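There are 2 protein chains.
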Amino acid sequence: MILRSKHIILEHGELDGYLELNNGVISGIWEDYEGPYEDFSDMVIFPGFIDIHIHGWATGSFWFEKTAAAIREMSRTLPYAGVTSYLATSGADSIPEIRQCIAAADEAWEQDYPGAQMMGVHLEGPFINPQYRGMQKEECCIEPSLEVMKELYGSFRHKELCRHMTLAVERNGSREVLEFCHDHGIQTAIGHSAATFREIQEIKEAGIGGFTHTFSGMRGFHHRELGVAGAALYFDDMMCEFAKQTGMTVSHEAFDLAYRIKGSDRIILTTDCSGLAQTQTEFDHYVRKLKFVKDGDRVRICHYDGREESLDPRDYEAVKDVELSYVKSVQNMARHTKVTWNDIMKMTSLNPAVYLGISDRKGSIAPGKDADLTILDKELNLVCTFCRGEEFRP
Amino acid sequence: MILRSKHIILEHGELDGYLELNNGVISGIWEDYEGPYEDFSDMVIFPGFIDIHIHGWATGSFWFEKTAAAIREMSRTLPYAGVTSYLATSGADSIPEIRQCIAAADEAWEQDYPGAQMMGVHLEGPFINPQYRGMQKEECCIEPSLEVMKELYGSFRHKELCRHMTLAVERNGSREVLEFCHDHGIQTAIGHSAATFREIQEIKEAGIGGFTHTFSGMRGFHHRELGVAGAALYFDDMMCEFAKQTGMTVSHEAFDLAYRIKGSDRIILTTDCSGLAQTQTEFDHYVRKLKFVKDGDRVRICHYDGREESLDPRDYEAVKDVELSYVKSVQNMARHTKVTWNDIMKMTSLNPAVYLGISDRKGSIAPGKDADLTILDKELNLVCTFCRGEEFRP
Chain A
1 MILRSKHIIL
11 EHGELDGYLE
21 LNNGVISGIW
31 EDYEGPYEDF
41 SDMVIFPGFI
51 DIHIHGWATG
61 SFWFEKTAAA
71 IREMSRTLPY
81 AGVTSYLATS
91 GADSIPEIRQ
101 CIAAADEAWE
111 QDYPGAQMMG
121 VHLEGPFINP
131 QYRGMQKEEC
141 CIEPSLEVMK
151 ELYGSFRHKE
161 LCRHMTLAVE
171 RNGSREVLEF
181 CHDHGIQTAI
191 GHSAATFREI
201 QEIKEAGIGG
211 FTHTFSGMRG
221 FHHRELGVAG
231 AALYFDDMMC
241 EFAKQTGMTV
251 SHEAFDLAYR
261 IKGSDRIILT
271 TDCSGLAQTQ
281 TEFDHYVRKL
291 KFVKDGDRVR
301 ICHYDGREES
311 LDPRDYEAVK
321 DVELSYVKSV
331 QNMARHTKVT
341 WNDIMKMTSL
351 NPAVYLGISD
361 RKGSIAPGKD
371 ADLTILDKEL
381 NLVCTFCRGE
391 EFRP
Chain B
1001 MILRSKHIIL
1011 EHGELDGYLE
1021 LNNGVISGIW
1031 EDYEGPYEDF
1041 SDMVIFPGFI
1051 DIHIHGWATG
1061 SFWFEKTAAA
1071 IREMSRTLPY
1081 AGVTSYLATS
1091 GADSIPEIRQ
1101 CIAAADEAWE
1111 QDYPGAQMMG
1121 VHLEGPFINP
1131 QYRGMQKEEC
1141 CIEPSLEVMK
1151 ELYGSFRHKE
1161 LCRHMTLAVE
1171 RNGSREVLEF
1181 CHDHGIQTAI
1191 GHSAATFREI
1201 QEIKEAGIGG
1211 FTHTFSGMRG
1221 FHHRELGVAG
1231 AALYFDDMMC
1241 EFAKQTGMTV
1251 SHEAFDLAYR
1261 IKGSDRIILT
1271 TDCSGLAQTQ
1281 TEFDHYVRKL
1291 KFVKDGDRVR
1301 ICHYDGREES
1311 LDPRDYEAVK
1321 DVELSYVKSV
1331 QNMARHTKVT
1341 WNDIMKMTSL
1351 NPAVYLGISD
1361 RKGSIAPGKD
1371 ADLTILDKEL
1381 NLVCTFCRGE
1391 EFRP
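For the protein sequence lines, the chains are A and B, in the order given.
Our numbering puts the first residue of the first sequence at 1, with every later residue one more than the last.
Our numbering puts the first residue of the second sequence at 1001, with every later residue one more than the last.
Any given hint could be a false lead.
[To be verified] Listed next, with one range per pair, are the computed distances between beta-carbon atoms:
no., chain 1, residue 1, chain 2, residue 2, range
1, B, R1175, A, D377, 35 to 45 Å
2, B, E1160, A, Y304, 36 to 46 Å
3, A, D377, B, G1263, 42 to 52 Å
4, B, Q1131, A, K378, 28 to 38 Å
5, A, D377, B, E1147, 56 to 66 Å
6, A, A206, B, R1307, 34 to 44 Å
[As the list claims (entries may be wrong)] In silico DSBU-like cross-links for lysine-lysine, where the CA-CA straight-line distance does not exceed 35 Å:
no., chain 1, residue 1, chain 2, residue 2
7, B, K1289, A, K338
8, B, K1289, A, K204
9, B, K1338, A, K204
For the record, the hints were derived by calculation from the structure and aren't laboratory data.
Predicted, not measured: the structure shown is a model, and the values here were computed from it.
Think of the CB as a built atom: it goes at the ideal place given N, C-alpha and C, for glycine as much as any other residue.
The following block holds chain A by itself, in its conformation from the complex (with noise of 0.2 Å):
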């Protein structure tokens, strides 16, 4: 299949060519072309979305459900979000829970489900700092343990599969985790942290790529004591991890002044998605002062207002609105920061995929690698996706 569009965004450039797609691979970027193709002139093809915290989209969540059949369903539904490719993310649940979350993304891995692909596991806690949990169990927040860390490794069948891991580096025992996660080729991020400035200076070097849904779950800047979110805006060498930008968790000028200080090349951009309506207890979304309530075969929506809503979570399109989605939050993004098409391609795909270490097939348009594909007009409206070479319109 031959794509034509004069907005191709390269690694280093913008291309007015052609693509080729075969075999679910990109065999041929060309500036001419003589035969037919599918028109996209006027719209700009990126390299395919990665999102790599993720816990759940719309009809499926890997977080609640903890089955494949959950990922199944994200991985059909995410390319009408713009995502090619994606970690399931666990969170801090127990490690008997955290365990069948592992053997749910190692069954999908081997069935290599339609759509966008799963590319591993995201490990949010269980070594979390309770103090910053966020919407995390706080009995599930643990001291890092090498032992623990070991179980849940050796429990993949799978090991590529476990390839981030977010931590509270000031609690005790995370040096430990942090090299064998180093050592094992797992990147590690810091979350759900109090450290200070000084503990991450200090702990960096083991081998820390960066932060996670930074300024959120994390001890705040101040201008005597830096915490989690002033060493994330100041250490070069990390990266920021933000969670979809809806101007309500992290104020649109609170991420435009961290990009600002990172720029594109040192931010990823992900949605931290729940899957929300998937829910198998009640979720209290304190942030948007909601509550999500499995009834039965339904869900309810009760707002803290007294409203209330009851939605079929097997129905996409009933659910498909209940978060923001990737693309539409990085239109929301691009509203209030200045960014260009190729600053976009880095923070929703180059640096995740040299991050997590999955640049030989993700991460960019280039001959040989994986045939992903998000294509938007130029007010950044999703037309449609390819994963693998398989298209996707919504």
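Given the coordinates of chain A, work out where chain B should sit on it, guided by the hints.
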């Protein structure tokens, strides 16, 4: 008089050449010159440092003494701190006390003391917020009042000395005061303020120039409510004044982050020194954990840990290290933040001169401007200063 240096820091570049000083003015700038000269070949010649926020220094305190003699002492000794001009800065005192300060400034202006030139008054208060008063007197932090502002301005014999006002813009009446200042050529800055980001966004068009001692005495940064600190970082058209960089009040890394956002074009370095040895009562410096106590003709420095010293407040050698000097603060800052000589020139001289509207005479090395020079070695140690052509060697 002719000065020679390989490093003359002009507004738009560095010159290897010669300066001619005549009658207190820079009369010529040349690349070549035949004849005798004072040799500063390997030194760096900056335009004289301007301190727009200084209450007192060493043997004189405008804030504590409120006399022309205090200003005379400041002018006499500031050249040894690298400063060639300054704003005598008042504090939140009673209105009669502030008027006493204004009268002292008028008298000093008429006397035109040798040394660093007092260019006017910075009124720090009384319209500040007691919640963020820092070391100001709570009972003297009053609501902005156009009537009081008119009274203060009216009491200046030399209106041009009313140069700068720091106020808390969230307080009732601030808009009228800001508009009055704007109409009368008085620069304004937000300080000792609890304003929210939105409050600042709404009122800034009344013509606010910047922020006083950024990060200190203001609502801090939070990623959902950026506060005064976040607004200071965010708004590109406003200057950030920083008090002397000790690393204690504002950590070096916090300054560095601000520098990365604002750049040397939007930062003004000051000392906010008080002339602490001149206190007329007991002055508690809670950040440094010590008290200055007037003790007859002497001053006692009482550390919280019990140590005590006694000094003669009229003895320059005895008191010159009681506070960090302007030039040592610059040195300290440059140890932790990557700056060029050009950057230093802007933050110490060009920016404050433009900010105060005195760049016709100050702020850069240019023919016709005052022969105010601060000459440092390459490690930024003070070699000497020229104040309107008169040389001062420490």
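Okay, the hints, checked on the actual structure:
Taken as a hint, the range 35 to 45 Å holds for the pair R1175 (chain B) and D377 (chain A), whose Cβ atoms sit roughly 43 Å apart. Checked against the hint of 36 to 46 Å, the pair E1160 (chain B) and Y304 (chain A) fails, with Cβ atoms roughly 57 Å apart. Restraint check, D377 (chain A) to G1263 (chain B): a C-beta distance of roughly 35 Å breaks the suggested window 42 to 52 Å. Taking 28 to 38 Å as the suggested C-beta distance range, the pair Q1131 (chain B) and K378 (chain A) does not conform, at roughly 47 Å.
Between D377 (chain A) and E1147 (chain B) the Cβ separation comes to about 58 Å, which falls inside the hinted range of 56 to 66 Å. A beta carbon spacing of about 40 Å between A206 (chain A) and R1307 (chain B) agrees with the range 34 to 44 Å that was offered as a hint. Annotation: proposed proximity of K1289 (chain B) to K338 (chain A) is violated, straight-line Cα distance about 44 Å (limit 35 Å). This hinted pair checks out: K1289 (chain B) and K204 (chain A) have alpha carbons roughly 32 Å apart, not beyond 35 Å.
Between K1338 (chain B) and K204 (chain A), the direct Cα distance comes to roughly 22 Å. Compliance with the 35 Å bound is thereby established for this hinted pair.
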